[in-house]
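For the record, the sequence lines run as chains A and B. Per numbering that gives the first Met the number 0, residue 0 is the first one in the first sequence, and the count goes up by one each step. Per numbering that gives the first Met the number 0, residue 0 is the first one in the second sequence, and the count goes up by one each step.
Watch out, some of these pointers could steer you wrong.
Chain copies aren't distinguished; within one or between two, either way the pair holds.
Restricting the straight-line Cα-Cα distance to at most 25 angstroms, the calculated cross-link-like pairs of lysine to aspartate or glutamate (DMTMM-like) are [unchecked claim]:
| hint | residue 1 | residue 2 |
| --- | --- | --- |
| 1 | 118 | 142 |
| 2 | 297 | 379 |
| 3 | 297 | 330 |
| 4 | 309 | 235 |
| 5 | 118 | 46 |
| 6 | 297 | 161 |
| 7 | 201 | 361 |
| 8 | 309 | 34 |
| 9 | 363 | 243 |
| 10 | 118 | 370 |
| 11 | 363 | 420 |
| 12 | 309 | 242 |
| 13 | 201 | 330 |
| 14 | 363 | 389 |
| 15 | 118 | 17 |
| 16 | 297 | 17 |
| 17 | 118 | 420 |
| 18 | 201 | 267 |
| 19 | 363 | 74 |
| 20 | 363 | 330 |
To be clear, the hints were calculated from the coordinates, so they are not data collected in a lab.
Number of protein chains: 2
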Amino acid sequence: MALIPRLDIAALEGQQLDPLSKSLPFGLPPMRLGDVGRQGWNLLAGDIPLPTAVIRQDVLLANSAWMRDFTAANDLLIAPHGKTTMSPQLFDLQVADGAWAITVATVQQMEVCRRFGVKRVLMANQPVGRLAADACFRALGDETFELYCLADGEAGLALLAEAARRNPPPSGNPLRVLVEAGFHGGRTGARTREEAMALARKVAVTPGLQLGGFECFEGVLPTPQAADGLIDDVAELARLAIDEGMFAAGAPVVISAGGSAFFDRVGERFDRVSFSRPVLRVLRSGCYLTHDAMSYAKAFSRIQAETTLKLPAGGLEPALEVWALVQSRPEPGRAMLTMGKRDVGFDAGFPVPVRWYRPGSDMKAPQPMPDRHEVVALNDQHCHLAVPADSPLAFGDMVGFGIGHPCTTFDRWSMLLMVDEQYGVTSALRTYF
Amino acid sequence: MALIPRLDIAALEGQQLDPLSKSLPFGLPPMRLGDVGRQGWNLLAGDIPLPTAVIRQDVLLANSAWMRDFTAANDLLIAPHGKTTMSPQLFDLQVADGAWAITVATVQQMEVCRRFGVKRVLMANQPVGRLAADACFRALGDETFELYCLADGEAGLALLAEAARRNPPPSGNPLRVLVEAGFHGGRTGARTREEAMALARKVAVTPGLQLGGFECFEGVLPTPQAADGLIDDVAELARLAIDEGMFAAGAPVVISAGGSAFFDRVGERFDRVSFSRPVLRVLRSGCYLTHDAMSYAKAFSRIQAETTLKLPAGGLEPALEVWALVQSRPEPGRAMLTMGKRDVGFDAGFPVPVRWYRPGSDMKAPQPMPDRHEVVALNDQHCHLAVPADSPLAFGDMVGFGIGHPCTTFDRWSMLLMVDEQYGVTSALRTYF
Chain A
0 MALIPRLDIA ALEGQQLDPL SKSLPFGLPP MRLGDVGRQG WNLLAGDIPL PTAVIRQDVL
60 LANSAWMRDF TAANDLLIAP HGKTTMSPQL FDLQVADGAW AITVATVQQM EVCRRFGVKR
120 VLMANQPVGR LAADACFRAL GDETFELYCL ADGEAGLALL AEAARRNPPP SGNPLRVLVE
180 AGFHGGRTGA RTREEAMALA RKVAVTPGLQ LGGFECFEGV LPTPQAADGL IDDVAELARL
240 AIDEGMFAAG APVVISAGGS AFFDRVGERF DRVSFSRPVL RVLRSGCYLT HDAMSYAKAF
300 SRIQAETTLK LPAGGLEPAL EVWALVQSRP EPGRAMLTMG KRDVGFDAGF PVPVRWYRPG
360 SDMKAPQPMP DRHEVVALND QHCHLAVPAD SPLAFGDMVG FGIGHPCTTF DRWSMLLMVD
420 EQYGVTSALR TYF
Chain B
0 MALIPRLDIA ALEGQQLDPL SKSLPFGLPP MRLGDVGRQG WNLLAGDIPL PTAVIRQDVL
60 LANSAWMRDF TAANDLLIAP HGKTTMSPQL FDLQVADGAW AITVATVQQM EVCRRFGVKR
120 VLMANQPVGR LAADACFRAL GDETFELYCL ADGEAGLALL AEAARRNPPP SGNPLRVLVE
180 AGFHGGRTGA RTREEAMALA RKVAVTPGLQ LGGFECFEGV LPTPQAADGL IDDVAELARL
240 AIDEGMFAAG APVVISAGGS AFFDRVGERF DRVSFSRPVL RVLRSGCYLT HDAMSYAKAF
300 SRIQAETTLK LPAGGLEPAL EVWALVQSRP EPGRAMLTMG KRDVGFDAGF PVPVRWYRPG
360 SDMKAPQPMP DRHEVVALND QHCHLAVPAD SPLAFGDMVG FGIGHPCTTF DRWSMLLMVD
420 EQYGVTSALR TYF
């Protein structure tokens with residue numbers, strides 16, 4: 000399948016910064032987003048008000064390249080989930096590293112992609128509501144834009160069929176529908192193979208739609224073993240549908256699965272099935288790009304230990320950090336920091352302090368955080384850090400935190416800063432949450 | 000004390016909307032924020048893509064008026080915490096209803112206030128970092144702007160003293176410092192009255208600073224009884240400092256406490272102490288404005304049952320709702336909705352479904368949600384709703400959710416819609432998170 004072209008990031012980088020954004024020095028004169036990297040700002044020099052979220056550029060680039068190499072080595076494609084970062088500049092990096100499409104969860108996210116020139120979107124949800132369905136078909140009027148979306152039931156399909164009647168797409172650019180396989184007690188998705196096959200038959204004959212394949216989201220399952228069955232359903236459904244002749248001649252056949260924790264199993268299980276026509280095996284992981292310091296770090300260790308797929312050298316490393324200042328040392332065992340629920344995700348566990356630095360001191364670089372420093376509570380704007388009696392932390396020190404679940408940290412920031420290995424600011428990333 | 004003048008909201012309402020914002024119809028032509036209310040949009044008519052966050056205007060206005068009347072009847076002032084909404088348009092409403100100041104947590108939030116003309120800010124935190132301290136003093140160069148901030152220790156005070164030397168404020172506009180009283184195991188704040196008094200003495204003689212009074216944040220304590228002691232500390236510290244002659248002649252003396260759960264206790268306890276000069280008793284509650292359907296609803300029931308203060312007629316009611324669509328009914332006992340962690344707070348419990356509506360049906364208005372509909376999980380973009388076998392909910396239905404902890408729902412939205420009693424859109428509120 001053709002790769003998609005690079006994005007139109009120049010328009011974004013020409014945007015005027017909102018000087019009221021978090022992370023910008025106070026009282027900033029008018030400045031374009033694209034000029035942030037030219038200011039010579041450095042986090043450790045105290046040029047950036049904290050808290051701030053930074054992305055370590057070298058780590059991010061290495062993660063992106065690792066996934067490029069991993070998918071290429073294993074006959075996989077990736078449509079990275081854009082909801083994680085909602086940053087068109089990062090979408091552009093992913094496209095440069097060979098992303099087959101950008102995945103989104105909502106029409107608003109699809110519109111962000113389209114605005115910046117993403118030419119293939121996989122909306123990993125069944126559109127619902129007239130506004131959403133109509134927007135999908137209107138987007139297809141641009142024949143350079145391809146859209147895949149999901150269906151998991153008759154009612155959803157009926158909505159798409161109606162919307163196709165209201166807004167008939169160009170004959171060469173139908174709405175490509177992936178039928179979603181689910182499981183009892185799961186999220187969306189047909190509960191049985193029979194239901195999924197019946198739905199696929201209807202998709203295949205609905206004007207304006209084209210059967211694109213099958214998919215699942217295995218990420219809601221607790222273990223890789225539990226995910227295997229669902230992934231197998233997807234491959235088997237595609238095999239059956241191909242054999243039944245459901246796919247249009249020449250139409251791409253896609254099988255896809257979604258999460259960032261079990262992507263090895265997706266590759267392994269998809270590889271076990273033989274198909275009588277070419278099939279695109281599409282991962283939709285989103286979190287690999289910045290990775291994390293917690294649950295995905297554990298998941299990746301398991302992948303490295305267990306997978307039978309080819310693993311490129313190196314591996315994923317955490318690229319996203321939130322930095323805050325010690326605002327108070329009110330007791331020997333406690334430090335309060337300027338970071339709260341407003342600044343960092345907490346749904347996958349509290350952030351973990353990994354580095355600290357004393358601005359204006361003779362420290363050459365951030366130091367690893369000594370043991371027994373642990374976040375014990377987050378308020379809206381405060382972090383309660385339990386510290387040992389001999390903690391070096393003092394009022395005004397900087398602390399860098401590793402995060403869990405990148406999605407819920409990215410969405411706290413309308414702008415994130417990219418930094419080099421010395422924490423010099425190399426660029427600013429705009430997000431669209 | 001003089002009230003503060005209304006804000007400059009015209010500039011905000013003249014802003015061009017970003018058509019990629021959540022809640023806006025897709026493919027919107029260029030439009031000013033202030034024109035949203037003139038489009039005749041109605042949530043129930045399907046004019047707004049869901050999920051969306053709406054504020055019921057009549058409820059919000061009643062809540063704001065209730066707090067105005069409550070504070071006036073009980074010799075209290077309010078500096079509503081702006082971090083809750085970060086919406087200058089709502090700050091303006093609060094100022095119109097007599098707010099003495101707007102409270103903020105960070106310098107970025109103070110800068111948002113200043114940009115739109117808030118003339119008195121209470122920063123309920125000790126500034127930390129050179130950038131933050133310098134920004135506070137630079138702001139004082141505008142002699143129409145008054146700033147209160149906190150100090151809870153020598154290190155924080157030293158930072159302010161240095162910043163005052165670098166940026167001496169006009170002699171008539173010092174930085175007004177409230178010394179923070181804390182408690183062992185708490186958040187920030189001096190751990191003993193002795194420490195607080197010693198710090199206040201130093202504040203009082205530091206050039207560029209003025210002792211403004213004492214404050215605490217009682218909201219981290221679990222019960223109103225537990226909060227009483229901390230609130231009493233604040234009043235007693237002020238009494239002692241007045242008697243010791245620490246306050247400048249003619250300078251306002253402020254005692255203040257912060258949360259939205261025990262504000263009755265603040266009023267009651269502050270009222271027990273006699274002072275030998277006028278003292279401003281300042282609440283900083285932020286959540287009263289939209290209130291909630293969960294923890295603050297319970298807290299308010301307690302206030303109504305227990306307080307000895309004068310309560311105006313009526314009371315606080317939940318004004319903030321998040322609406323989503325039923326995206327799938329994959330099993331008899333489950334509905335999946337288009338709302339996730341990206342759209343609604345979950346740190347004070349999952350949102351509660353309160354109303355539903357079937358667009359295009361002959362339903363005249365949203366119906367109360369029948370019993371046994373309960374959110375059991377939220378993913379980034381999905382809500383798992385457990386429903387009874389006889390649930391009326393079908394694909395495409397709208398569900399309105401009550402929320403807990405307004406702060407963590409507001410911050411999911413760069414724009415929220417204000418609606419009338421029929422869910423017609425009356426205006427759009429911009430936020431600055």
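- Task: Report the numbers of all earlier hints that the structure fails to satisfy, in ascending order.
- Result: Result: hints 3, 5, 6, 7, 8, 9, 10, 12, 16, 17, 18, 19 and 20 break, sorted rising.
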